[in-house]
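*Asks:* Here are the chains, one letter per residue:
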Amino acid sequence: MTSGWAFIALYVAVLIGAAIPLGRFIARVLEGERTVLHPVLGWLERALYRVSGVDPEAPMGWAAYAKTLLALGVVSVAIVFAVLLLQGSLPLNPDQLPGVEWTSALNTAVSFVTNTNWQGYAGETTMSHFSQMVALGVQNFVSAAVGIAVMAALARGLRQRQADDLGNAWADIVRGTVYVLLPLSLVLAVALVANGVPQTFSPTVEARLLQPTQDADGAEVTAQRIPLGPVASQVAIKQLGTNGGGFYNTNSAHPLENPNGVSNALQCLAILLIPAALCVTFGELVRDRRQGGALLTAMALLFVLFLVPTVVSEQAGSPALAAAGLTGQGNWEGKEARFGIEASALWATATTAASNGSVNAMHDSLTPLGGFFPLVLMQLGEVVFGGVGSGLYGMIVFAVVAVFVAGLMVGRTPEYLGKKVEAFDMKMASIAVLVPSALALVGLAVAIFAGQARPSMSNPGAHGFSQLLYNYSSMAANNGSAFAGFSANVPFHNLSGAVIMGIARYGVIVAILALAGSLACKKVTPPGAGTLPTHTPLFVGLLCAVVLTIGALTFVPALALGPLAEHFQPVAAEVAR
Amino acid sequence: MNTLLQSLRATLALTVVCGVLYPLTVMGVAQVAFPRQAAGSLIVTDGQAMGSELVGQPFSDPRYLWGRPSGTSPSPYNAAASSGRNLGPTNPALTEALAAQATALREAAADPALPIPALLVTASGSGLDPHVSPEAAAVQVPRIAAARGLDEGQVREAVARATTPPALGLLGEPVVNVLQVNLALDATGAGR
Numbered sequence: 000m001t002s003g004w005a006f007i008a009l010y011v012a013v014l015i016g017a018a019i020p021l022g023r024f025i026a027r028v029l030e031g032e033r034t035v036l037h038p039v040l041g042w043l044e045r046a047l048y049r050v051s052g053v054d055p056e057a058p059m060g061w062a063a064y065a066k067t068l069l070a071l072g073v074v075s076v077a078i079v080f081a082v083l084l085l086q087g088s089l090p091l092n093p094d095q096l097p098g099v100e101w102t103s104a105l106n107t108a109v110s111f112v113t114n115t116n117w118q119g120y121a122g123e124t125t126m127s128h129f130s131q132m133v134a135l136g137v138q139n140f141v142s143a144a145v146g147i148a149v150m151a152a153l154a155r156g157l158r159q160r161q162a163d164d165l166g167n168a169w170a171d172i173v174r175g176t177v178y179v180l181l182p183l184s185l186v187l188a189v190a191l192v193a194n195g196v197p198q199t200f201s202p203t204v205e206a207r208l209l210q211p212t213q214d215a216d217g218a219e220v221t222a223q224r225i226p227l228g229p230v231a232s233q234v235a236i237k238q239l240g241t242n243g244g245g246f247y248n249t250n251s252a253h254p255l256e257n258p259n260g261v262s263n264a265l266q267c268l269a270i271l272l273i274p275a276a277l278c279v280t281f282g283e284l285v286r287d288r289r290q291g292g293a294l295l296t297a298m299a300l301l302f303v304l305f306l307v308p309t310v311v312s313e314q315a316g317s318p319a320l321a322a323a324g325l326t327g328q329g330n331w332e333g334k335e336a337r338f339g340i341e342a343s344a345l346w347a348t349a350t351t352a353a354s355n356g357s358v359n360a361m362h363d364s365l366t367p368l369g370g371f372f373p374l375v376l377m378q379l380g381e382v383v384f385g386g387v388g389s390g391l392y393g394m395i396v397f398a399v400v401a402v403f404v405a406g407l408m409v410g411r412t413p414e415y416l417g418k419k420v421e422a423f424d425m426k427m428a429s430i431a432v433l434v435p436s437a438l439a440l441v442g443l444a445v446a447i448f449a450g451q452a453r454p455s456m457s458n459p460g461a462h463g464f465s466q467l468l469y470n471y472s473s474m475a476a477n478n479g480s481a482f483a484g485f486s487a488n489v490p491f492h493n494l495s496g497a498v499i500m501g502i503a504r505y506g507v508i509v510a511i512l513a514l515a516g517s518l519a520c521k522k523v524t525p526p527g528a529g530t531l532p533t534h535t536p537l538f539v540g541l542l543c544a545v546v547l548t549i550g551a552l553t554f555v556p557a558l559a560l561g562p563l564a565e566h567f568q569p570v571a572a573e574v575a576r
Numbered sequence: 000m001n002t003l004l005q006s007l008r009a010t011l012a013l014t015v016v017c018g019v020l021y022p023l024t025v026m027g028v029a030q031v032a033f034p035r036q037a038a039g040s041l042i043v044t045d046g047q048a049m050g051s052e053l054v055g056q057p058f059s060d061p062r063y064l065w066g067r068p069s070g071t072s073p074s075p076y077n078a079a080a081s082s083g084r085n086l087g088p089t090n091p092a093l094t095e096a097l098a099a100q101a102t103a104l105r106e107a108a109a110d111p112a113l114p115i116p117a118l119l120v121t122a123s124g125s126g127l128d129p130h131v132s133p134e135a136a137a138v139q140v141p142r143i144a145a146a147r148g149l150d151e152g153q154v155r156e157a158v159a160r161a162t163t164p165p166a167l168g169l170l171g172e173p174v175v176n177v178l179q180v181n182l183a184l185d186a187t188g189a190g191r
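Note that the protein sequences, when read in sequence, are chains H and R.
Counting with numbering that gives the first Met the number 0, you get residues 0 to 576 for the letters of the first sequence.
Counting with numbering that gives the first Met the number 0, you get residues 0 to 191 for the letters of the second sequence.
I should point out that these hints are in silico values taken from the structure, not numbers from a laboratory.
Mixed in with the good hints there might be a few duds.
As the list claims (entries may be wrong) - A few chain H positions that, by computed beta-carbon distances, are all more than 10 Å from chain R:
id, residue
1, Q159
2, R160
3, V307
4, F423
5, M425
6, A444
7, F448
8, I502
9, P526
10, L537
Claimed, not checked - Where chain R lies over chain H, by a calculated footprint (3+ residues, C-beta under 8 Å):
id, region
11, 72 to 83
12, 242 to 255
13, 363 to 369
Every residue, glycine too, gets a C-beta built ideally from N, C-alpha and C.
Looking at chain R on its own, in the form it has when it is part of the complex:
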């Protein structure tokens, strides 16, 4: 009984330290040193949240750079319920889904020989991947330029500005932020 009482008191004491003081300390430091990141790296225009630069959005319009397919339900890129597609590596349903997305990309580009990067037709783990690879962006540049009546060079420049190389050249992969590219494209006013 004594041990149980000690356990109860110890758990409550540890709760105050690890469950209250610790997260509040982190919060204090975070709010002072990194307020934007601590609040979710939101993109805010005129007081309206346009999204988070870390959370992808669904795009299927030819004028926009497309991100990766999303496994969230009931709608793609549902940030309230992150999820992968969780299809197994030999599941025929996965093969069909990959082929369908490849077809959609080729039809939108009106180019039946468009090379398809695997990254662009596979669903990410979170279903909210904000990025594509530079190659996956490059194959979409001609389509976006045509749909918006822009120079391919202008589109490439928007992509380059939203590209981040891996830190130290080693940590992670080079990525293009899809939402940032599309906001920049809309800001040109072309083809809206």
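The following block holds chain H by itself, in its conformation from the complex:
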């Protein structure tokens, strides 16, 4: 238990320590400066521009930037959808898996392109090696690079003086992929193989069971079929790109996807590494390191605020364990022996703080409060580190809202980084904040009224509602983790999910780019006596308060019906007795 807390402290220290140099490096990459990697990878960058027929120097206004990302999104969905439907006739399919059912294929295509990586299917029995690598793996890179690009565009909008140039979308995507995502993934993937994650084109291996067992019908089972594949390369980028879509059904809880404490620490670090680094990148891009530092501090504070009670709640054990007379040993249900309680609770917090969505334990079996905090982290809009790029642009929107709130209090026109925040900017910021929340709650309500909720719930009482709430919150936040007992792979949830994930990602991106475009055209006002400095502890506190308030106002009623009701159930029973 002590070593669990020591691990958590080490984790946070290493995360912040690694984020600072990496963030500065990413800033140089996005600025098009030469780095140590350019002699090795420069040719690849240039080749990608040439083959794509794009001019990386051409300036783009916000509309052109948005149009490029939307076009790329549409093309990507089409390609992934087609590959999944046709995988039965494509190569690298040693287990001869058939094409994916169309609603599941569409859901999965949108899911991976939007960096959600919600998975209604079980990877090992659904996806061929070709689909994993060529369809899903590629989107793990591209969707993360798109997030970095949008963040860079917003930073340039804040830096720009009375011009509408936000940079070039192709250059941002290609540079983020070539110099940041690929090298980090390569290093992580090899480290994972060293720890036991497979990387092979072998078909499923059939092993003899030492002691034969029986299946549900009483028939004897003497063999174990172990699916293998190019797992390590997939897992590395799914962690680094805040994608989270696992090779196996149980994601990083699977012992072949995450074999030991070392692989677990590396993967868990990879969840938050780039999102944390991008705060530093932002400070560099707007030429004021203190601004990035303030955002990083706010994120770290909120993270710890949610992490500690999650860990404590899991250490305390669950009501079901207590009822079976097993107290004081922690909530082991759904957790792996090799990781332990604390590292599992840390992962649950990190994966929902970031929009990663990979899991190393089953969230459905977390304690009511252990599930509550990750759920709220998603509902806050994935701004506590958040997705690669998307977390930071979400947090910057909250910073804009925070200066607006502060401006209202003293009756001055609010400004952020010298740019006046006016009506149009607030409209875009509001859209970016409200769209995901609205999608989660409306989607949830529609599912209930359409009679599609109950049949998919696998647990009774308030927990059943938590399952539904968690799953719609996850899709609307582009997270992708699940209360996995919920039967999500049915046409209704597949199709409604595809719509929700698509709008949540691109609705927000377009609003952010419009905001960036509007800010770019404004002149920079020098700070005056009435300016609220945005790098002080006061502002960090205000920012955290705004994030928590908006999140709480939106979701408390729904939370009260799910995890909170479940938490207080045993307490109420105790009082009644």
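Since the structure of chain H is provided, determine the placement of chain R on it from the hints.
*Replies:* Leaving out everything else, chain R in the frame of chain H:
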């Protein structure tokens, strides 16, 4: 239209780089540097795969060390369909399942007062957990020794050999590999 065409070309180019070159590079390094791990850490005896040291197997015979309950279907430790039990923390079905496994352990040990580690009656996240904690192994030692007619010390030694401490003392928990213990026990030839 031009943007769509550029997007198509860019996606195909990125597919070659991220979807083909990248995984193949990892595969090349993996096959040379870590061929055993890359192939799934299989345990092979006389050309027959006996399992993977990273994938648990079901055990319910008193002569074997038991792993944790498994939530996979249709049979436990079905590696082709990893799954947790996904029972909620207040679900009465979970309480029943925990109690049933505790009873099974106590009956097999013929010891109604056997202390039950929570880890040993809860299902893992993957349903394929290859490990138990050293405590969860220790409570089973007397039963295994009796069933096989072995010295408790011999069983404890087999457990100790399959125990891995956490790296740096911090990363993860100490664990006992269940399949390795059972293969070692069978290799003694006792009680087969």
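*Asks:* For every hint, state whether the structure bears it out.
*Replies:* Evaluated hints:
no.: 1; hint: Q159; verdict: holds, 23 Å
no.: 2; hint: R160; verdict: holds, 28 Å
no.: 3; hint: V307; verdict: holds, 18 Å
no.: 4; hint: F423; verdict: holds, 25 Å
no.: 5; hint: M425; verdict: holds, 30 Å
no.: 6; hint: A444; verdict: holds, 22 Å
no.: 7; hint: F448; verdict: holds, 24 Å
no.: 8; hint: I502; verdict: holds, 20 Å
no.: 9; hint: P526; verdict: holds, 39 Å
no.: 10; hint: L537; verdict: holds, 36 Å
no.: 11; hint: 72 to 83; verdict: holds (count 4)
no.: 12; hint: 242 to 255; verdict: holds (count 7)
no.: 13; hint: 363 to 369; verdict: holds (count 6)
Checked against the numbered hints listed earlier, the structure breaks none of them; every hint is satisfied.
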